[in-house]
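There are 2 protein chains.
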Amino acid sequence: MKDTARHISIHHGNGGVRMKALIDDIFLHAFDNDFLNNQSDSAILPVTGKNIAFTTDSFVVDPLFFPGGNIGKLAVCGTLNDLAVSGARPIYLSAGFIIEEGFNIRTLERIVHSMAKEAAVSGVKIVTGDTKVVNSGKCDKIFINTSGIGLIDDMHLSIGSGIRVKSGDKILLNGPPGEHGMAIMQTRGIFNFKSNLKSDCVSLSPLIKRMLKASGRMGFLRDATRGGIATVLNEIAGKCNVGLEVDETCIPVNTDVRVMCELLGFDPLYIANEGKVIAVVDDSDADDVLKVMHKMKTGKNAAIIGEVTSDHKGKTVLKTSAGGKRILDELVGDQLPRIC
Amino acid sequence: MKDTARHISIHHGNGGVRMKALIDDIFLHAFDNDFLNNQSDSAILPVTGKNIAFTTDSFVVDPLFFPGGNIGKLAVCGTLNDLAVSGARPIYLSAGFIIEEGFNIRTLERIVHSMAKEAAVSGVKIVTGDTKVVNSGKCDKIFINTSGIGLIDDMHLSIGSGIRVKSGDKILLNGPPGEHGMAIMQTRGIFNFKSNLKSDCVSLSPLIKRMLKASGRMGFLRDATRGGIATVLNEIAGKCNVGLEVDETCIPVNTDVRVMCELLGFDPLYIANEGKVIAVVDDSDADDVLKVMHKMKTGKNAAIIGEVTSDHKGKTVLKTSAGGKRILDELVGDQLPRIC
Numbered sequence: 310m311k312d313t314a315r316h317i318s319i320h321h322g323n324g325g326v327r328m329k330a331l332i333d334d335i336f337l338h339a340f341d342n343d344f345l346n347n348q349s350d351s352a353i354l355p356v357t358g359k360n361i362a363f364t365t366d367s368f369v370v371d372p373l374f375f376p377g378g379n380i381g382k383l384a385v386c387g388t389l390n391d392l393a394v395s396g397a398r399p400i401y402l403s404a405g406f407i408i409e410e411g412f413n414i415r416t417l418e419r420i421v422h423s424m425a426k427e428a429a430v431s432g433v434k435i436v437t438g439d440t441k442v443v444n445s446g447k448c449d450k451i452f453i454n455t456s457g458i459g460l461i462d463d464m465h466l467s468i469g470s471g472i473r474v475k476s477g478d479k480i481l482l483n484g485p486p487g488e489h490g491m492a493i494m495q496t497r498g499i500f501n502f503k504s505n506l507k508s509d510c511v512s513l514s515p516l517i518k519r520m521l522k523a524s525g526r527m528g529f530l531r532d533a534t535r536g537g538i539a540t541v542l543n544e545i546a547g548k549c550n551v552g553l554e555v556d557e558t559c560i561p562v563n564t565d566v567r568v569m570c571e572l573l574g575f576d577p578l579y580i581a582n583e584g585k586v587i588a589v590v591d592d593s594d595a596d597d598v599l600k601v602m603h604k605m606k607t608g609k610n611a612a613i614i615g616e617v618t619s620d621h622k623g624k625t626v627l628k629t630s631a632g633g634k635r636i637l638d639e640l641v642g643d644q645l646p647r648i649c
Numbered sequence: 310m311k312d313t314a315r316h317i318s319i320h321h322g323n324g325g326v327r328m329k330a331l332i333d334d335i336f337l338h339a340f341d342n343d344f345l346n347n348q349s350d351s352a353i354l355p356v357t358g359k360n361i362a363f364t365t366d367s368f369v370v371d372p373l374f375f376p377g378g379n380i381g382k383l384a385v386c387g388t389l390n391d392l393a394v395s396g397a398r399p400i401y402l403s404a405g406f407i408i409e410e411g412f413n414i415r416t417l418e419r420i421v422h423s424m425a426k427e428a429a430v431s432g433v434k435i436v437t438g439d440t441k442v443v444n445s446g447k448c449d450k451i452f453i454n455t456s457g458i459g460l461i462d463d464m465h466l467s468i469g470s471g472i473r474v475k476s477g478d479k480i481l482l483n484g485p486p487g488e489h490g491m492a493i494m495q496t497r498g499i500f501n502f503k504s505n506l507k508s509d510c511v512s513l514s515p516l517i518k519r520m521l522k523a524s525g526r527m528g529f530l531r532d533a534t535r536g537g538i539a540t541v542l543n544e545i546a547g548k549c550n551v552g553l554e555v556d557e558t559c560i561p562v563n564t565d566v567r568v569m570c571e572l573l574g575f576d577p578l579y580i581a582n583e584g585k586v587i588a589v590v591d592d593s594d595a596d597d598v599l600k601v602m603h604k605m606k607t608g609k610n611a612a613i614i615g616e617v618t619s620d621h622k623g624k625t626v627l628k629t630s631a632g633g634k635r636i637l638d639e640l641v642g643d644q645l646p647r648i649c
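Line by line, the protein sequences are chains A and B. For my numbering, count along the first sequence from 1 and bump the result up by 309. For my numbering, count along the second sequence from 1 and bump the result up by 309.
Hints in this document: simulated from the structure, not taken from any laboratory. Keep in mind that a hint or two might mislead.
As the list claims (entries may be wrong) - Calculated pairs, DSS-like style, for lysine-lysine (alpha carbon to alpha carbon, straight line, at most 27 Å):
{"id": "1", "chain 1": "A", "residue 1": "548", "chain 2": "B", "residue 2": "329"}
{"id": "2", "chain 1": "B", "residue 1": "359", "chain 2": "A", "residue 2": "447"}
{"id": "3", "chain 1": "A", "residue 1": "359", "chain 2": "B", "residue 2": "518"}
{"id": "4", "chain 1": "A", "residue 1": "329", "chain 2": "B", "residue 2": "604"}
{"id": "5", "chain 1": "A", "residue 1": "450", "chain 2": "B", "residue 2": "450"}
{"id": "6", "chain 1": "A", "residue 1": "450", "chain 2": "A", "residue 2": "518"}
{"id": "7", "chain 1": "A", "residue 1": "359", "chain 2": "B", "residue 2": "359"}
{"id": "8", "chain 1": "A", "residue 1": "548", "chain 2": "B", "residue 2": "434"}
Unchecked claim - Away from chain A, derived, C-beta distances all over 10 Å, residues of chain B:
{"id": "9", "residue": "335"}
{"id": "10", "residue": "366"}
{"id": "11", "residue": "372"}
{"id": "12", "residue": "414"}
{"id": "13", "residue": "477"}
{"id": "14", "residue": "531"}
{"id": "15", "residue": "532"}
{"id": "16", "residue": "534"}
{"id": "17", "residue": "572"}
{"id": "18", "residue": "574"}
{"id": "19", "residue": "613"}
{"id": "20", "residue": "616"}
{"id": "21", "residue": "636"}
{"id": "22", "residue": "640"}
{"id": "23", "residue": "647"}
The C-beta atom is built at its ideal place from N, Cα and C for all residues, glycine as well.
Using the sequences and the hints given, assemble the complete structure.
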């Protein structure tokens, strides 16, 4: 029989005494900061400058825990990364929980602890939140939404209608693709062998901050999550109306990921990442940016993987390791739901 | 057989071509604005002033459509109201969707259309979003998270450690409690009679703006949602360390709500609202605030329902219509999950 005191009940979501206790004991305890502790309907937050970055992401990853992280760490890093690639300094996060009745409160504590730890490491505060409980069978364990606000101190990044990507620019990638997706697949138990593969789930904010500083003005920056690096490359080509040429032999490789992908018939370039960023920088800045990347743990395997061309606009061409060339298409279908 | 082209498939959540089409056809089409149309990882947003309000809410209401609204309208109004009662002018919203595989795209369009309409009426923009799809049976149809940012032009409201509520202050309520909760119960088909009861789901921002202007400096302001007005009253008493005395005969009544609550053995004071606000104002300002409330549709049944006392600190005492007095306790358990 379940110890109901240690499991989420429907009453934890009703706005009453038990919800208040859950918020006090778990969330305020872990996320402790003055903005949140006020427990007003909104957090009132100081901002500097004339522009902020604002983003949102819901996390439904299954399983909740995997080598290299869990849904909580992912929910913080994922949103931080969306802010960082927008040229912003992440500062405030919200956290919205949808929890299935019967969920173990100890597990919730572990997830919340990971969120708090990751937020603290990154110098961001979780300042506002919400908790909903649904009946058993009406959601799968726990879903977390994080929305984030970042301050824009200096705009080193071309964005929106001002995007500036041009022929000759270099394309940089900070490490081997596909680690998150394959770590999740491995945790789902589909391989009959063991590996030490971990998700690359990490906050890229410190790396990106240095990359932006080292570049004169960065042309494009995006974290490659769902759809993998192929999807980001196609996005650059489409959005900036340029061609991209990528050299497969220059793309860093994780051997475990390559083997797992071969077994499943997948291409690592389409597999989800949670700690990979693609940057387009002026040819003259590329080496400087690469140098600062190599000094960071999150960029130690960084490489220049290709360049922008004036040919085949809107398309990404991959020079394969076999010496051929092929179009790197947009992702149509895949077999990896709930990867984040 | 399902027309798969008109239903959400797992591929709509994979970051690829079908997800892009869904975002373009449904979300960008409905929410159309420059910030969102940029489709960057974060929206880059101008802000004025030194402080912003930031809040988040997930919506899991069941059923999705009910008299007076649907999950989409609720998701916009609910977050706008949290910003408004914080003394902020709502300006930007995010929208995060978790959708069950097989969900009807026409229904999604109706929900999204409601969101767009409600945002337009309130002068806010939905500037960033996220879509996740989970396998059939892993969530209940659709859950929506909205996070919101408001600008704080003038601080007419005491908040956080500066809360100023004192003996003699008047407690104002803008209309009869319990309409949202009972409208949901009615839609669930638990009553064997018909009524015209509608949810009070509405943006309170215009009303609150006028209330704040009419008050010198408002002591406390909160929308009464889950847990009903009793929960807000208890919160004021606890947070401000004062006693409250509320006169039951002064609380506006919706006859349908009263009858339904009697049938179910519920107290309307604990039933959820989505368009009700409780304000604590200085005695000398109370009539002025009430006057501006009465001029608005959302405040036409507003009333002074009680006052702050120096007795029984931390407690709310209800003078009942029968002439007695009883403590209005905090909500412990209830029978109304997924009301919002």
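Now the hints, each set against the structure:
no., hint, in the structure
1, A:548 x B:329, "holds (13 Å)"
2, B:359 x A:447, "violated (42 Å)"
3, A:359 x B:518, "holds (24 Å)"
4, A:329 x B:604, "violated (36 Å)"
5, A:450 x B:450, "holds (15 Å)"
6, A:450 x A:518, "violated (35 Å)"
7, A:359 x B:359, "holds (10 Å)"
8, A:548 x B:434, "holds (23 Å)"
9, 335, "holds (16 Å)"
10, 366, "violated (5 Å)"
11, 372, "holds (13 Å)"
12, 414, "holds (17 Å)"
13, 477, "holds (23 Å)"
14, 531, "violated (6 Å)"
15, 532, "violated (7 Å)"
16, 534, "violated (7 Å)"
17, 572, "holds (20 Å)"
18, 574, "holds (16 Å)"
19, 613, "holds (22 Å)"
20, 616, "holds (22 Å)"
21, 636, "holds (14 Å)"
22, 640, "violated (3 Å)"
23, 647, "violated (6 Å)"
In summary, the structure is inconsistent with hints 2, 4, 6, 10, 14, 15, 16, 22, 23 from the numbered list given earlier, while agreeing with the others.
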